[in-house]
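In order, the protein sequences belong to chains S and Z. By the working numbering, the letter at position 274 of the first sequence is numbered 274, and the numbering carries on one by one without gaps. By the working numbering, the letter at position 5 of the second sequence is numbered 1005, and the numbering carries on one by one without gaps.
Treat the hints as calculated values from the structure; they're not laboratory data. Incorrect hints may have been included.
[Stated by the list, open to error] When the alpha-carbon atoms are kept at most 30 angstroms apart in a straight line, the in silico DSS-like pairs for lysine-lysine are as follows:
1. Z:Lys1037 - S:Lys786
2. Z:Lys1105 - S:Lys24
3. S:Lys621 - Z:Lys1105
This one's a predicted model, so the numbers in the text were calculated from it and none came from an experiment.
Here is what each chain is made of, one letter per residue.
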Amino acid sequence: MKVPISWLKEYVDFDDSVKGLADKLTFSGIEVEGIHSAGDGFEGLLVGEIRKVDPHPDADKLTICIVYDGNEEHSVVCGAPNVKAGAKIPFAPIGTSLPNGVRINKAKIRGIQSSGMLLAEDELGLSDDHTGVVILEEHWEAGTALSEALGLPETVLELEITPNRPDCLSMMGIAREISALYGTKMKIPDTDMNEADPPVEKLASVEVADTTGCPRYTARVLANVQTGPSPDWMQKRLKLAGIRPINNVVDITNYVMLETGHPLHAFDKNLLENGRIVVRLARPDEKIKTLDETEHVLTADMLVIADSERPVALAGIMGGAGSEIQGNTDTVLLESACFEPMTIRRAARNLGISTESSYRFERGVDINGVEWASRRAAALLADLTGATVARGLIDAYPEKVSEQSVSCRWETVRSLTGMDISNDDIRSILESLSLNVTQADNAGLTVSIPTFRQDLEREVDLIEEIARMHGLDKVPTPSPQSRIVADAEDHRTRTLIDIKTRITGLGLYEIMNYSLVSKALLDLFDKSDAAVRIELPNPISSDQSTLRTSLIPQMVETLGRNNARQVSEAGFFELGRVFRNTQEGRLENERLSIGLMGPVGRTGIDKRNPVKGEEMFLWVKGVLEALLESQRIPDASLEAVDFPEFEPGFSAAVIIDGQEQGRIGIISPEIRKEWRFVEPVAAAELAVDPLLAHISDSVTSRPVAIFPAVTRDVALVADLSVRHDDIVRAIYDAAPGELEKVELFDIFEGEAVGDGRRSMAYSLTFRSAERTLTDEEVNGYHSSVKKALNDTLDVIIREG
Amino acid sequence: MKIEDIINLQNKALNEIEAAADSETLEAVRIKYIGRKGLIPDLMKGLKGADPTDRPEMGKRVNELKNTFQEKFSERRNQIESSRTESGDKTFDVTLPGQWRGLGKKHPISYLMERAIDIFHALGFTVADGPDIETVFNNFDALNHPPGHPARDATDTFYLSDGDLLRTHTSPVQVRHMLKHSPPVRIIAPGRCYRRDTPDATHSANFHQIEGLYVAENVSLADLKGDLAHFAHEAMGPETKVRFRPHFFPFTEPSVEVDFSCHICRGDGCRVCKQSGWIEIAGAGMVDPGVFEAVGYDTGTVTGYAFGMGIERIAMILFGITDIRDLYENDIRYLRQF
Ligand SMILES: [Zn+2]
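Start from the sequences and build out the full structure, keeping to the hints where you can.
So this is what it looks like as structure tokens:
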């Protein structure tokens, strides 16, 4: 909310700088988001008088104005449509600068010399209006400093009003806070006026059909209204507060709204059928054209103000075009009412309209302030439009709302805030906020809550008032207290952090992608889960319409983005949630993904050789193995399974404790094409929970064997269908417990071994925990391993 | 075999040890003489065929030979090694790039979350967790958001077709935890949240928060300040100051906004803190009795504080990030900086 300081001072005095005031407001709960100055930088700008207006010979839309600056005449080419001889306007002579820094120089415009500039509001930094030059009041003499004529400069506070404080959505509301903060008295504007017969009841009638939506409705009638522009001071204030002046009647209703926080509405009474107001719910599909010339189709939960025939306003939101104040309006029906917040909110939201009025009604206005606002506006209308105020007020207010009492215990104030506030201070703070103390004793006090403070309902609400007015800077800062409560346990968190630390130790960078992805991206990788995806009914864009079912698509997308930016190698991982709808209900699971691109697995400077799929696969598998080992997963293996996103053959399921817990592979060429990957890209995805299954397992240490180890090599040529795992298993099956380790140390394919075959060489380490093994023993083990391999697998043992 | 054979072999062996110029040659000498099939073991096997009267004397000699060889060999090896240490390999280029796989890094959001968790662990907080998909009850009703509260709008919140929603803050974890545990409660809840904001430099479709909750007897606003001051000191340096500004949140009363003194200018005012000397870090307050009622806690016996902070916001301030979306681009060159 924009609050001009000079306007505020009409209601309250305070002896402080603007900065001091801003700090006080901010630290008592009304945040000053900005302090703006309007009318700064007006040095050298003057009031000019237009003495003559001639058309420009070469341009239809331009005029040549002769402008008198109090000293001499200047010829100025101007594009504004509203210039006329005799008008007083803001004038920037040659050599001056506009508030935005633009310097005024001599210029030729369409061949005509122009000396100076006539200014519109935007050029003065007053608003963004550029419809014409500013027309000043006629009494200003040419040559007067423009700042004097505009009553500037003016300081405006930009306030953030929290939703619990609708009472502060007004100048008087803010003034009330300031009066509490500075201990000064509020100055209430005068509302004296003459009321004349006939009484208002003779001129109009009000029927409230929906008293829930409209608990109070008042109407006044004012005759003999002279419409026209409102006075400069009022227009200036409205503009500074961000409201465009329309005419004196509308401006007065807006002015009083900004002053009191009560939205008012003025109808041209002659346009109301039978001078009748009916507050009712709209009929289904009833239509109304609002002031902004938009036609709305209403629903039956929307509250309207109708005359005896048709809706004439959207209650609390916007007036109708058919009853608005016009140039020839002479009788006004002035509405001041209270509407139920939810009703207004729902309608405003459904119709897509938000106005100063709906904003205030949605947050709640003071039902007992309705009458004063009406009176204040009537007095201003009488004063500024010459209106005659009809006697009395129609006031449909069936259920009076009275002040509530709330109690507060002294000790609770102190124990909840931790502040040492005396009982007297508590009392005087509450009183400064217009909360009258109705009872006080040793335990606490009871105050009566004015109806403009609907937010104060409970003891804590009062404590908040006391705390903020006393000053939160007085909350002490005790030493921090470490406290462990029962059931404190953080194994999972620590392990997840540990897993991430370990993976970064493997050289991978952690990435974070959005949980929401496009359906198309998921489809590209694996259409088979389409049925279990959770889609948003109301996404912001199709890019982020579906909760991810896998981390792999975005992993590859991330690698692709890096690749497109000429990053040639990268290793990434992500820990995140995936979502799916299943028979058992909605599942939300933590997953880990890994992605590799380029020669990331090579530690040497050999980066130029092309990366082969085999290498890539084994790198990502290596990362996976390191991770599984670090989490002490005893039983994990890969099983060749073709998944849709992977290249056939380079695709496997990760099996942990007999369950499929993830997938690993080389991304298929079709998908790689999407991101123009030339080389293979590897990815893996794994459920996180199985990684945590063994974190609490106990570890029993064993001494390391001290007797010497003996190694023997086994070299063989095998059919490609014989898997490494088969060979290792066969070796272990054939060897005694003394076999400590089997290590593949050479693998070779080529002409020498024949098509469809490969040579593999294993180093077997034997060791006994009890004694030194003899050569003879080890040779015996070696022979039986070779024999077993020969007998059980399709291999040829190479001797020598 | 004669004693002379032993003496000759000894002379020959010691000469060869002496002549060995580098460790490779020396090693070859060692293998030649005392390897498994070396000359000295050979000699020992030959003892069997010697004259029985000479045998004790020859055995002694062979043993001496073996010991002397060992002794001279070690001597020479030490000489060679120390001479190499002195002269070195003058041709090796130590400026060649090292060859070991470099370390990766955690994402800055993780880094900050883990730091916060670590600091709050020391204060006795443990981590509580909840799902990203929440119920309206946990996300709004129990947190004292009245019906019609703007945050509930489908324009601001992602609802699923069954009426559940993507949580808009981590606060529902408070509700879940309190429904399951009786007081005292001392938890932090880091996690991902969602708001229906159009992405721009300061908004992204999901973001992260870390939430704290302490409920016990006699918890006060001062306890909140003391604990957050500890966090400030650990996270931003020991001189960091903490201040409260009054604010409004539906689920706390009184509510405050928490500022830390600027880590760049130490309070003098700079570009990062927009010349104020302070940086807004968290929203906080005393748990609203309405929340306690929703989870069945006795408002007569316990009070509590809660706080929440946006991790992306803090990352942007700490690391000078101007566009929140950079955090989700995952460009490795960007991630390498943190
Ligand atoms: Zn600073």
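Next on the checklist: Next pair to validate is S:Lys621 with Z:Lys1105; report whether the Cα-Cα distance is within 30 angstroms.
Outcome noted: Roughly 20 angstroms between the alpha carbons, so the hint for S:Lys621 and Z:Lys1105 holds.
Checklist entry - Given the hinted pair Z:Lys1037 and S:Lys786, is their alpha-carbon gap at most 30 angstroms? => result holds, 28 angstroms
Checklist entry - Does Z:Lys1105 pair with S:Lys24 here, judged by a C-alpha cut-off of 30 angstroms? => result Not OK: Z:Lys1105 and S:Lys24 at ~45 angstroms, beyond 30 angstroms, violated.
In the structure shown, a violation is registered for the earlier hint numbered 2 alone.
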